[in-house]
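Visitor: Required output: the full structure, derived from the provided sequences and hints.
Going by the numbering used here, the sequence shown opens with residue 1382, and the numbers climb by one from there.
Calculated directly from the structure, the hints in this document are not laboratory data. In this text, a Cβ means the ideal position worked out from N, Cα and C, and glycines have one as well. There's no promise every hint is true.
[Stated by the list, open to error] Label pairs and their calculated CB-CB ranges:
#1 1900 x 1530: 36 to 44 Å
#2 2006 x 2093: 14 to 22 Å
#3 1672 x 1741: 50 to 58 Å
#4 1632 x 1741: 43 to 51 Å
#5 1758 x 1387: 55 to 63 Å
#6 2209 x 2163: 20 to 28 Å
#7 2213 x 2129: 19 to 27 Å
#8 1787 x 2084: 40 to 48 Å
#9 1915 x 1846: 21 to 29 Å
#10 1400 x 1741: 20 to 28 Å
#11 2183 x 1939: 52 to 60 Å
#12 1876 x 1766: 42 to 50 Å
#13 2118 x 2310: 21 to 29 Å
[To be verified] In silico BS3-like pairs for lysine-lysine, Cα to Cα no more than 25 Å straight-line:
#14 1828 x 1881
#15 1480 x 1432
#16 1399 x 1432
#17 1729 x 1762
#18 1774 x 1828
#19 1828 x 1656
#20 1649 x 1432
#21 1729 x 1656
#22 1881 x 1743
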Amino acid sequence: MTRTQHIHPILEDGIDRKVLATLRARFLAINSARLERAAQAMSTRQQQVLKLLPLLFHVNHPILPGYVSASTPAGLAHFEPDAEQLAEAQRLSRSFAYKPLRGKTLQPILGLFLMGSLGTVAQDEHSDLDVWVCHDPELTTQQIEELHRKCELLRSWAASQGSEAHFFLVDPQRFTQGQREAKLTSDDCGTTQHYLLLDEFYRTALWLGGCTPLWWLVPDYEEHRYAEYVATLLAKRFVRADEVLDLGHLGQVPPGEFVGAGLWQLYKAIDAPYKSLFKLLLVEVYASQYPQLRCLALDFKQAIYQGRLDALEELDPYIAAYQAIERYLSERGDRERLELARRCLYLKINRPLSRPPVNRSKSWQRILLERFTRDWRWDEKQFSLLDNRSRWKVRQVSQERRALVNELTYGYRFLSEFTRRLQATSALTSRDLGVLGRRLYAAIERKAGKVEVINLGISPDMSEDSLTLVHGYDAAGDAHWSLYQGQLTAPELSNYAPLKRARELIALLAWCHRNGVVDASTHLSLFPGDSGLSEAELFALFSDLRRVLPLPLQPVSEEALLAACRPSRVLLLVNVGLDPMQLAPEQPTIAEQAIQNAAPENLVLSIDQITLNSWNELMVTRYEGPTALPQCLRDYVEQTTREAEPQLQVFCFARNRGQAIGRRVEEIFHDACASLAAAPAARYLLQVRQHFHVLQRDHDSLRVSSLNDRDALVEHLAEAHHAYSPLQLDRKALEGEELALMLAQGRPGCLQVFYRSLGETAELSVLDECNALWQQTLPYRDERSLLKPLLRFLESMLYRRRAQQTATMAETTDPAILIYRIRPASITQPAQLERRPLPQGEINDPFYDVQAIVDASENGRSQVTLYCNQQEFSGLEYGTDLFAAVARTILAHRRAGERYPCYITDLDLSGLHGSGRSQTVQYLRYKSRLEAALNAVLEQ
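Guide: Here you go:
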């Protein structure tokens, strides 16, 4: 390697202008060599874009690309187009004639730079142009807006020439103060990096025209007193202020920048790992050196001062970054991570060494890569594996995923520890460390029911041409599904290892879809075993998966990650591989008739639920057996709110009433969500066959009560709530029954009495103020004699409640009492409710008064005291003979000792529940028990 003179200027010894001119010339020489390399890798039209950019910012001409108006800022400082640039402009527009700008000393465009991979070992035909347009800080808002429009027009023109260009306006004055409002590269994370972005700029930027960076003229060993050095250069006119552009120094990098830059690269690495992990490793190298950090840009500048101008490869920013990473990992003995860094560099350079060079001539990138891989001791097998990454399928991707996940996890822990240890603060630290943690969790964390995503930007296409799906049993006799690569016959299966196994079919199919293993062109062979799955159903399943969950999924927003994950899309697959007809295969005619007559919800044998949540996690849950529908409904409703109900779709592929089953299940789920969201303590009643399931919201949780028959349902409905709890019946629940009529009448703060004559008896029901149900069967003679004791009791209860109620209690003290008679169903019409008036003149008639007072005792059993016409009968006095003593007294007061039923007329429960705390249904339950005990003695 040939070296020119080593320049080592010292401020105190004086600075020679010729030395500064020499240094500027050296930087420009490296710049020219890199520009030449950049152009060599471009097409003719792309080269035209690169050559014309300085001229297009220097002039405003209506026939040239990027023209907005005559007032748009134009004029590139110290720029005059050369003959080649003018020739390119005239080839673009023959009538163009260049007129030099005269009489203008200050040009509004101070400098034009390319930043990124152009001219480096990492440049390829897809490399984009990140162009920094440094402008005069004095430009007005309107001028900057016009300059933005010009850049947008130039971006569109460059795209038409096959170049992806991005233009970024830079105010040098604001930039040096760390103020900027926009991204400055297409790979920039905003305002969270300043010094690290400047480091990347100084070692990768290509100068296209305008002022040259003042940073070039400050030796690396003077970086710590950059401001003083620059002030001397300008004050003593060693350089003219209008010839240089000051973007700042790299004397000290705050630790928060490592956190911000590392988080950004981790974020990008989830979808594009190789490029981002390479940069993440460099951030780790920098952070590990803190506070004695020396940026690579300073090494680059030192090399220029030392005159190492012919070592372009050594000065290449990507090679320099790799060598720093290699030293760091080698010193730590971290061989596995070093191999990953080498794969990242190899794939970034993108010169496949397993294939012959294009046009039989080796590029400088290929020659350099061959030299490195020889040092790494890589062989043809390694080259072939990496060069065919676009064709990697499940096995290779799964293996590489392990290395990438380990690196992502390590990077996150390193940044978390660095932040904690140094108390590093960043615009990203507090908020985005949590966001990134959740994004990593969603992408790589395993948990029950979650479909694992194995393709973290590793392979562009994992779809298989052909696959074989097999149902079988393991050694323990448990059923499972296996997926094999290729189209295999039954005898061949034992010779191959499956790509994936799963206990449930839908979990395996969801994994295939989420990872792109199966697409519309994949040929699937099916060995269903005794599963009942048909090929038609299998193809329908995949078709619906592709339609309901199209790939790629939409990116997850930060707002979604800051909130708890919630279901965003739910797919329910009913009776997969099952048919209700199989319930009675030996009697197909009877089974078919049963199927046709059964309600669709009674035909649900299994439900496979696929849930895509707001973090883009895909979850699979299976429900089977008689409780499949209520269990699935419970889990669905528990995760759903009215404001964020997921998009729900239900499919059933069964031959018998499949569409009807699907529609009915979807109807149940929508109705239940709407009903349970209507009130904090709302309930929803679902009937499946003769079983009942009551779902009730209790603050943030959901309680489910499963009841085996109608009697168990009535007993459940009699439970006290202490607050009004609306009850919504499913459309088919208790269909045609009188109980459904009563339950539909629930109203807060209202006592509703229902009765139905059954001949010599009547069924008496009450819906209380909190919508609890009480029922009792009593002897029936007429409406007045049936209702009289109950209404007397309710009036006494309300009187006692009003007396005990305090002003601060919210319980309704005076609910209305409504009475209904149930008209039974007839051939021509269903059962109906008839509103009845309160019996007049009955409540205040003379009657035999039987009052009960219930107190709590130390052993947990209640103590009852009865009063008959003010005569006290205490359990303490009479013990087990209490009710017999009361019965004798009642009979003694009756004419001829008639043994008709006795009714409790007043009841006090304050000894049990405290003042004003008892609900009407609790009074009625105690009333019924006491009456039953008393009347049992009377009948003896």
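Visitor: A separate judgement is required for each hint: does it hold in the structure or not?
Guide: Here is what the structure says about each hint:
| no. | hint | result |
| --- | --- | --- |
| 1 | 1900 x 1530: 36 to 44 Å | holds (42 Å) |
| 2 | 2006 x 2093: 14 to 22 Å | holds (19 Å) |
| 3 | 1672 x 1741: 50 to 58 Å | holds (51 Å) |
| 4 | 1632 x 1741: 43 to 51 Å | holds (49 Å) |
| 5 | 1758 x 1387: 55 to 63 Å | violated (36 Å) |
| 6 | 2209 x 2163: 20 to 28 Å | holds (27 Å) |
| 7 | 2213 x 2129: 19 to 27 Å | holds (24 Å) |
| 8 | 1787 x 2084: 40 to 48 Å | holds (43 Å) |
| 9 | 1915 x 1846: 21 to 29 Å | holds (23 Å) |
| 10 | 1400 x 1741: 20 to 28 Å | violated (46 Å) |
| 11 | 2183 x 1939: 52 to 60 Å | holds (56 Å) |
| 12 | 1876 x 1766: 42 to 50 Å | violated (24 Å) |
| 13 | 2118 x 2310: 21 to 29 Å | holds (26 Å) |
| 14 | 1828 x 1881 | holds (17 Å) |
| 15 | 1480 x 1432 | holds (18 Å) |
| 16 | 1399 x 1432 | violated (30 Å) |
| 17 | 1729 x 1762 | holds (19 Å) |
| 18 | 1774 x 1828 | holds (24 Å) |
| 19 | 1828 x 1656 | violated (28 Å) |
| 20 | 1649 x 1432 | violated (32 Å) |
| 21 | 1729 x 1656 | holds (7 Å) |
| 22 | 1881 x 1743 | violated (42 Å) |
This entry does not satisfy hints 5, 10, 12, 16, 19, 20 and 22, going by the numbered hints stated previously.
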